[in-house]
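A.B. asks: Chains as they are written, first to last, in numbering that gives the first Met the number 0: chain Y, 0 to 326; chain C, 0 to 326; chain P, 0 to 326; chain H, 0 to 326.
Since the hints were derived computationally from the structure, they do not count as laboratory data.
If you're wondering where the values come from, they're calculated on a predicted model, not measured in any experiment.
Hints are supplied without guarantee of correctness; some may be wrong.
All copies of an identical chain are treated as equivalent in the list; a pair is satisfied when it fits inside any one copy or across any two copies.
[Said to hold, decoys possible] Okay, derived cross-link-like pairs now, DSBU-like style, lysine-lysine, Cα gap no bigger than 30 Å in a straight line:
id: 1; residue 1: K240; residue 2: K93
id: 2; residue 1: K140; residue 2: K69
id: 3; residue 1: K144; residue 2: K93
id: 4; residue 1: K325; residue 2: K69
id: 5; residue 1: K325; residue 2: K95
id: 6; residue 1: K46; residue 2: K240
id: 7; residue 1: K46; residue 2: K144
id: 8; residue 1: K325; residue 2: K140
id: 9; residue 1: K287; residue 2: K140
id: 10; residue 1: K69; residue 2: K95
id: 11; residue 1: K46; residue 2: K325
id: 12; residue 1: K140; residue 2: K240
id: 13; residue 1: K46; residue 2: K140
id: 14; residue 1: K144; residue 2: K95
4 protein chains.
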Amino acid sequence: MNSFGRIFRVSIWGESHGNSVGIVVDGVPAGIELSEQEMMADLARRKSGAVGTTPRVEADQPNIISGLFKGHTTGAPLTILFSNTNTRSGDYAKLKAQPRPSHADFTSMTKFNGWNDPRGGGHFSGRLTLGLVAAGVIAKKILNKATFQTNIVELGGSHNAEEFEEIVLSAVAAGDSVGGVIECRVDGLPVGMGEPFFDSVESVVAHALFAVPAVKGVEFGAGFECARMRGSEHNDPIINKEGVTLTNNAGGIVGGITNGNQLVVRAAIKPTASIAMEQQTYNFATNKVEPLEIGGRHDACIAMRAGVVVESAVAIALADLYLLGKK
Amino acid sequence: MNSFGRIFRVSIWGESHGNSVGIVVDGVPAGIELSEQEMMADLARRKSGAVGTTPRVEADQPNIISGLFKGHTTGAPLTILFSNTNTRSGDYAKLKAQPRPSHADFTSMTKFNGWNDPRGGGHFSGRLTLGLVAAGVIAKKILNKATFQTNIVELGGSHNAEEFEEIVLSAVAAGDSVGGVIECRVDGLPVGMGEPFFDSVESVVAHALFAVPAVKGVEFGAGFECARMRGSEHNDPIINKEGVTLTNNAGGIVGGITNGNQLVVRAAIKPTASIAMEQQTYNFATNKVEPLEIGGRHDACIAMRAGVVVESAVAIALADLYLLGKK
Amino acid sequence: MNSFGRIFRVSIWGESHGNSVGIVVDGVPAGIELSEQEMMADLARRKSGAVGTTPRVEADQPNIISGLFKGHTTGAPLTILFSNTNTRSGDYAKLKAQPRPSHADFTSMTKFNGWNDPRGGGHFSGRLTLGLVAAGVIAKKILNKATFQTNIVELGGSHNAEEFEEIVLSAVAAGDSVGGVIECRVDGLPVGMGEPFFDSVESVVAHALFAVPAVKGVEFGAGFECARMRGSEHNDPIINKEGVTLTNNAGGIVGGITNGNQLVVRAAIKPTASIAMEQQTYNFATNKVEPLEIGGRHDACIAMRAGVVVESAVAIALADLYLLGKK
Amino acid sequence: MNSFGRIFRVSIWGESHGNSVGIVVDGVPAGIELSEQEMMADLARRKSGAVGTTPRVEADQPNIISGLFKGHTTGAPLTILFSNTNTRSGDYAKLKAQPRPSHADFTSMTKFNGWNDPRGGGHFSGRLTLGLVAAGVIAKKILNKATFQTNIVELGGSHNAEEFEEIVLSAVAAGDSVGGVIECRVDGLPVGMGEPFFDSVESVVAHALFAVPAVKGVEFGAGFECARMRGSEHNDPIINKEGVTLTNNAGGIVGGITNGNQLVVRAAIKPTASIAMEQQTYNFATNKVEPLEIGGRHDACIAMRAGVVVESAVAIALADLYLLGKK
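Required output: the full structure, derived from the provided sequences and hints.
C.D. replies: Shown next as structure tokens:
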């Protein structure tokens, strides 16, 4: 449901156009230095403002309202709250009649018998990922010897970062959107994280990643490419007593357990469902397929902002496995 | 750890060359007709015997030792046990000195300080998936209106099923192995399964799938292909009041919730790590990289047997979400 | 840790003298009518003001900051926040040196290596039970056919309610405090709630009750008195086809499952640890036993305010079992 | 449901007259020396044979069928199985018509719509506690510095152990049964176990204890007696820098956290519901209250055998908190 983790345990809440979004982070060891200021860099990476991102700009100011005393964690749960200020709720009656294609409108209405908050996507809004980013900052502090590098490695079909901006601009011009692939690499993890059978590193990291809106695929190391490889190519021979391998097709995880090599994970991000161009889709009020135009403020390429969210989800999953492994 | 699920809850145990492998299945509604006989068809799909599969043949006879009375589930946990009979433990001292590349040998030894059972892979053996298949049979009974179709859609780089056998034979001849991609399609699921934020259908299904040994990638619907698509191509317009969509790039899941269309998920299966040909890898006894030859009985293409295991993992995850959604 | 429940799941946070205390309530069915106003009656039952209660008076105004739309629950988590306003942090350096007897000062300092927030008891403060009461209001709405009656049945050794006020006043006069027993009776529960083996109704209710600060004993039906009874006295014969029993020594629970009769549970509340009179206890600064006088504002009989907290804990546990039983 | 614990996690299964009863124990650190032989002493404490215990005698031979290699735990789940051999299923059709007073017959039938296994109490049988005792042996090995003393402190209303046998014999002679109170004292626990808010030591221990059939009350330290005490009597002053207290009314737990003093917990055990003398109770076949005589083999005082079960439940709960606290 809305909580995740066994030891490092997060509980998320909020709606796009409600009072606030936020997260409770339990299981954080006492004595870690922490401030709201330290969260700003990662929050800025998630912010809109770049090419193809939504014109809705929020302060995204985190408020740590529990679990912190004299600048250090206390062992009690940390609650981080982000107020919503810049909200403009449109005509959501229209959404009920004609749910946007590939949006949660239809599924959430059906699941919650019409009681869901539809304003700006409500609880299904990408705005909830603010909490993930805040929790990710704490998670990375717990994994203090690990370093993260996260990049867009594919966008709109191209692997060339220099073309990305142009691809997004071209989609914007067409009133369309594009998808992408984000890769996260983590160095400095110890050997032995991950719990067989069901809490393999891949299982726990993928669980967290697929909670991020728009993620439709997750792969580790060579990933789907392994289906095109023979064992003699794919196997990673060990070359020294630390367990370093010559290649890293495993992406740092063997038997569901970290092997001390770089963890490599990629997440496929679908193109934003909200596009400016007209779409033909069912109208439940008129009982026929009709044109739909979506107003509001949207990202043309959510992958441009999703990097830090992917990284945070990975960090949250790894922090839990790290603390679990210390038991 | 070794249990999974919130309501439909499985706990797995066993070792490849120990007394047995098995599973406890809790949360099964009372009154479902069930017998060991009904498990035989799915267990047979997992069996070796086909081209490129291990010559180790086990009876794989399930014994339901609790939770069944007069041929029906009682509401108490079902325990299903598979005895191990055909075990031949090789020289596992050798494994400790020279762990097999891309095998759990090194990671499990390190994690458990050398106390792990190394015989035949111990607790990391693919043999534990017998329990998954047995639990999958029960899960599919709970999802009684759903139907599953599972196929190898890619093998050794080919998408042509007619070539698969030849590809495997060619790998066997070279003392090598090949990977593949398995696709599972599920029809007949209701709209509304899946729990935001963290228990999206993708999260829970991927969690279960990545517990299956050798799975290195999971994608839903268009999956990684979405990174090459524009929103206008990727969006699935609704065409009638049941929520049927014109296309199904979402793979039946929008906003983490089933939308009533076919659920489509694919899992990448890496090539078997145990290959007959010689490999160069580190020897911790001599402190140098040396040739390694792996004895024992192995599959050249585990994807040939993994279809039913993938299907079972998907069914287990869906059964839990289904029962959770009925609350 | 700081969350409880499998379906109806609460996550609590906050400190006595921090920004606020609060609770996230997940798993609430969509479409339940709810308002902050409806919480006021139960919150008032918990308030100080009566004889022997603390002079610290807070507004205790709940703010529902998520999960509510148009006066109804949405299926998303409800977050309820109570701001702290009337805080006066005393000299907590003194507490570190000379922890108060039978207070969490020593255990929390040791557990969290001195990083805990000591102001007003920090995360261990009874003020956190505000969140329990708010969640209890929601729980009782889920259990809409159940009615609760909660009373002090014993106080300072007396079973006569008319004497209670005098007993408390006498303790106040002596600078002392008194304990009591609270009984909660619930009518209207269906037969069949409770999950064997480990989630018996007694297990889940007691788990929630022992989280309430100051509870040191929990018993159901005849409880400890059963040790003085023979089976022929203790057994409750069934007298009609609804399962009504002639006596109710079981307190409405047999085999860990509700039997449709009145649920009866009692919780023992210890006397408030903070007393005005001087105590002799160890001083870690001087390394000797020394007199201690405790300042601050305290209740002489926390049992006077704990009734609604006990009732709320019972309701939270029952709501979870109720939703679990509907699966 | 049928599993308990966050790190040290047990999953129990079985029926009284089925194939077997057993338990899976997950989360056990690797490298602990263990054998079936080491379980015999505790299993013997649970055995029948003494005055007033059932004439059904089972071998109670544990079989550890997973997780053990070369006499040590491997880090994989331990599965312990007890075969049922000496089963005599009576006329359970009769139980359906006329459920035994204060037995799970009526509640289990109703909960599971008549699909429950009724033979010998099925899944509700005290025989399942064999698994608890086996898991308790492992738990106590994890808590290797702790020592346990468990005694009957009250039986049939008497606190004098010398009278206990006579009291039971007198009940047997009358075709009746008696209840009792079991006390468990644990020395050697570290300061700091227990997790606020919801996983206080009292919460977790009571959760496990109330899963034991026949337990109807749990109290810690002075327990219900605290309702008769003033704070000045109840408070335990600290007397040295290790945190030793002059008195121990807290039973070793303050603020839900161990304080390093002796943990003291008592469980009230109701008189056995199955008594030889005739009872008047409802017959659902004839729709009237009628005499009932219960056949089969039963204990006149289950408290005589329950000591080790109570101790095991306490140990299981403490082992989980201990491992959780090491994170």
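A.B. asks: None of the hints should be skipped; say for each whether it holds.
C.D. replies: So, going through the hints one by one against the coordinates:
Taking the shortest Cα distances, K240 and K93 sit within 30 Å of each other only across copies (16 Å), while inside one copy they are farther apart (63 Å). Taking the shortest alpha-carbon separations for K140 and K69, only the intra-copy value of 17 Å comes in at or below 30 Å, while the best inter-copy value is 40 Å. In this assembly of identical chains, K144 and K93 lie within 30 Å of each other by CA distance neither inside one copy nor across copies; the values are 50 Å within and 33 Å between. Both within a single protomer and between protomers do K325 and K69 lie at most 30 Å apart by alpha-carbon distance, with minima of 27 Å and 25 Å respectively.
In this homomeric assembly, K325 and K95 come within 30 Å of each other (Cα to Cα) only across copies, at 24 Å, whereas the closest approach inside a single copy is 49 Å. In this homomeric assembly, K46 and K240 never come within 30 Å of each other (Cα to Cα): the closest approach is 43 Å inside a single copy and 37 Å across copies. Taking the closest pair of Cα atoms, K46 and K144 come within 30 Å of each other only inside a single copy of the chain (27 Å); across copies the shortest separation is 44 Å, beyond that limit. In this assembly of identical chains, the alpha carbons of K325 and K140 lie at most 30 Å apart whether taken from the same copy (16 Å) or from different copies (19 Å).
With identical chains, the CA atoms of K287 and K140 are never at most 30 Å apart, being 53 Å at best within one copy and 36 Å at best between copies. Within a single copy, K69 and K95 get their C-alpha atoms only as close as 48 Å, which misses the 30 Å cut-off; across copies the closest is 15 Å, which meets it. Taking the shortest alpha-carbon separations for K46 and K325, neither the intra-copy value of 35 Å nor the inter-copy value of 38 Å comes in at or below 30 Å. In the homo-oligomer, the alpha carbons of K140 and K240 lie at most 30 Å apart inside one protomer (28 Å), although the nearest pairing across protomers, at 33 Å, exceeds that limit.
In this assembly of identical chains, the alpha carbons of K46 and K140 lie at most 30 Å apart only when taken from the same copy (21 Å versus 40 Å across copies). In this assembly of identical chains, the alpha carbons of K144 and K95 lie at most 30 Å apart only when taken from different copies (28 Å versus 48 Å within one copy).
In terms of the numbered hints stated before, the structure departs from hints 3, 6, 9, 11, listed from lowest to highest.
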